[in-house]
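Model the full assembly from the supplied sequences, consistent with the hints where possible.
Listed in order, the protein sequences are those of chains A and B.
Residue 212 is where the first sequence starts when you use the numbering used here, and the numbers rise one by one after that.
Residue 212 is where the second sequence starts when you use the numbering used here, and the numbers rise one by one after that.
A hint or two may mislead.
If chains are identical, the list can't say which one is meant, so a pair holds when it fits in one copy or spans any two.
[As the list claims (entries may be wrong)] In silico DSS-like links for lysine-lysine, alpha-carbon gap of 30 angstroms or less:
no.	residue 1	residue 2
1	Lys267	Lys524
2	Lys524	Lys633
3	Lys311	Lys524
4	Lys522	Lys267
5	Lys477	Lys449
6	Lys557	Lys497
7	Lys522	Lys227
It should be emphasised that the hints constitute simulated quantities derived from the structure, not laboratory data.
There are 2 protein chains.
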Amino acid sequence: MDPYQLTATQALTKLKDGSLTVEEYARSLLERIEKRDDDVQAWAYLNPEYVIQQAKQLDSLPPEERGPLHGVAVAVKDIMYTKDMPTQHNSPIYEGDDPKLDAASIITLRHAGALILGKSTTTEFASITTGPKTRNPHDTTRTPGGSSSGSAAAVGDFQAPIGLGTQTGGSTIRPGSFNGIYAFKPTWNSISREGLKVYSLILDTIGFFSRSVDDLQLLADVFELEDDVPPHNDFSIKGSKFAVLKTMVWPQAGPGTVAALDAGAKLLRDHGADVEEIELPPEFEKLPEWHGIVLRSDGRPTFLPEYRVSKDKLAGVLVGHVENEYQISRAAQLEAFDGIASLRPKIDEIAGKYAAILTPSVVDEAPVGRETTGSPAFNAIWTALHTPVTNIPGFKGENGLPVGLSLIAPRYHDRHLLEVSKVVGEIFEAEGGWTRQVYQ
Amino acid sequence: MDPYQLTATQALTKLKDGSLTVEEYARSLLERIEKRDDDVQAWAYLNPEYVIQQAKQLDSLPPEERGPLHGVAVAVKDIMYTKDMPTQHNSPIYEGDDPKLDAASIITLRHAGALILGKSTTTEFASITTGPKTRNPHDTTRTPGGSSSGSAAAVGDFQAPIGLGTQTGGSTIRPGSFNGIYAFKPTWNSISREGLKVYSLILDTIGFFSRSVDDLQLLADVFELEDDVPPHNDFSIKGSKFAVLKTMVWPQAGPGTVAALDAGAKLLRDHGADVEEIELPPEFEKLPEWHGIVLRSDGRPTFLPEYRVSKDKLAGVLVGHVENEYQISRAAQLEAFDGIASLRPKIDEIAGKYAAILTPSVVDEAPVGRETTGSPAFNAIWTALHTPVTNIPGFKGENGLPVGLSLIAPRYHDRHLLEVSKVVGEIFEAEGGWTRQVYQ
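Encoded structure:
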């Protein structure tokens, strides 16, 4: 197997036992990128020479100075500041902008020995649903989803083992599903979001892409995610209780998602789980509307500077936020903000009764074209509720494209959720009907 | 009157009618700074030549290109990124650090024509209560408060008309009181906090210092603060209802604050207000404890990068946050986070019955020494509740140092609060017993 095909965990084993150098690993990834870049176009900035230079520097470290992510290559969404690469937010206002600053998460990753490969594409400010240039590696006529388009496509296409994303609506879990990979949105604010472009403080959450749950656990270690009760690494589907939740946005689900949710629930039952279909209590009914209100009203102060400086270079929807085009009153804004807050302890209580809640990740397969990155309807509710979410790949839609399902746990049950995701992921990937391929 | 003594609003009048150039204004302020800097030490970075260069550039703008803050000089707290000056957070880890980035608020201020004077001192990361070098201009043996120490001292000492601060506990209102100036903490997230060092996302709020409420209204215009019902600029004390609220931390109040609250309530009554003493309902009792829990638990992810990179250069209290020294459970963290959220609509309802709530700004006068910037006890509750707060100067303590009082309004009643603050400020400044002086 070529090094570029390795998961982060697999690569680390080889990097540690000396059977692979960081430079060899980086060259393998860069070759993969060169081969596939015309089709996928996942990168906003990538400097192969600089990557090799960094790789050599990592190789030169004596073993005792190597970190827990020594040589692990990472694609960084281009709304996250990196002191050695431009950060352009897919905005003409910031074309070529190159502030000498690392986001908090980048400092932590570098300190752990990660190799920052380059900046991956995003929709404008990670805040709109018009796609960037990037194409879905599984079908280049389709979107990879967004707003974390490039990170998800790069990981799905074996151009990087790890991708960094963010989610304010559905910007991590949705592209995770569209690209057939794992995606993880941890509990809100459990990882510092400092040094990322802001859309909404109360919603924005950093997220990760990978092709294995082991890799997510590796990142959870590095970022010190910690539950009150540490999981025992002995989770078994047999005898566990799962909830299946269609949510209030279920009428939007297409055939791919309808079939995946059925199949996922059946697989869990087949493997001995007790699977119960539940509904959200009626007070959750306004949640999607409230999410939209918070998003739009938070966009007012957020994009005021860009509006002032270069309104003509700002996406229409963001101009609309600043101008409060929907005339959202402060009273309505606060009703939404406080209403969502009142639901958070309630969803924790509900989710706490189960090993996890199984719920859709997406409306369906990735849509054709790059005009829209797809609907975040099944993600926005969980972003608002601050719960950790994983996308588990394994199913396919009517056109053979990947369809994932989400697992949900209460806030700060991130490690528990990853443990459950590992076991569920093995089943879904083995028996769900979709198989990951390395496109040549 | 020398130009340095002008409020921003007064300076603007002269800058607009041509009787003062930005360069003349800047030179006057720089002379004032030079004269007083040995005593007050408000600045972390100040480059007089660069200030003059910027001033000349503003003077060269044709009148039609001048912004609403044309030439208004601003002291910027040194946790806010400025692309043309270092941002050092009063941390040895960031000594000399100079990322080429403007905070969102700085972009907006520059676009409005403001003259960024320099970076003002802060406690380490605006996150601890050990003071920086700065001294209280009214008594240099005392602290100016913190964490926005330099901005408050500079405005109190006529070294700048406007100062930018932040508040996570009591970092704007407390130094406002200690320096005898107006301070304004607007509704949480009503102004973008992007590009400021994070302590706690749900608490951190940008704030302003000035020597007049007109100046705060000017800033509220530039940052587009907007209530549902715009104030009519005809607020009258006579016939208005005010609440006096001692809060659950009242036992900490010293003689200066006890006297000021009495005197403030009496002045309002004397001017025809209906003043009612109220208490917070019992469910608010845990608020101070909850604020502390949120602060400490948010400090865990926030300072992880600095902890990893340079633990030995990080303040002990912040090391303690990362190591969770108080062993705050996730359950306790969420109880605090959700508990505070549930109180926000309740305080809005209570505050909405009055023109404003009058409550202490500080425990007492500024304490002697620079070991501590004083107690944020009377501010932290309002920071957590997200309400707008103004500090109104006008009273004095047993040692003749300034003591202010806070006015509180419901969230997103910022413009209303400023209107009330203007009228109340005129009364307190005229009859409260403390008079601002220009020290020579």
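Going down the list of hints, with the structure as the test:
1. In this homomeric assembly, lysine 267 and lysine 524 come within 30 angstroms of each other (Cα to Cα) only across copies, at 29 angstroms, whereas the closest approach inside a single copy is 40 angstroms.
2. Proximity of lysine 524 and lysine 633 under a CA criterion of 30 angstroms is satisfied in neither setting, with 43 angstroms inside one chain copy and 38 angstroms between copies.
3. For a Cα distance limit of 30 angstroms, the shortest separation of lysine 311 from lysine 524 qualifies both inside one copy, at 24 angstroms, and across copies, at 21 angstroms.
4. For a Cα distance limit of 30 angstroms, the shortest separation of lysine 522 from lysine 267 across copies, 27 angstroms, qualifies, whereas the shortest one inside one copy, 43 angstroms, does not.
5. When the C-alpha separation of lysine 477 and lysine 449 is checked against a cutoff of 30 angstroms, the pair qualifies only within one copy, where the shortest distance is 13 angstroms, while the shortest distance between copies is 71 angstroms.
6. Taking CA atoms no more than 30 angstroms apart as the test, lysine 557 paired with lysine 497 passes in both settings, with 14 angstroms inside one copy and 21 angstroms between copies.
7. Proximity of lysine 522 to lysine 227 under the C-alpha cut-off of 30 angstroms is restricted to the inter-copy arrangement: shortest distance 26 angstroms between copies versus 50 angstroms within a copy.
Violated hint for the displayed structure: number 2, the only one.
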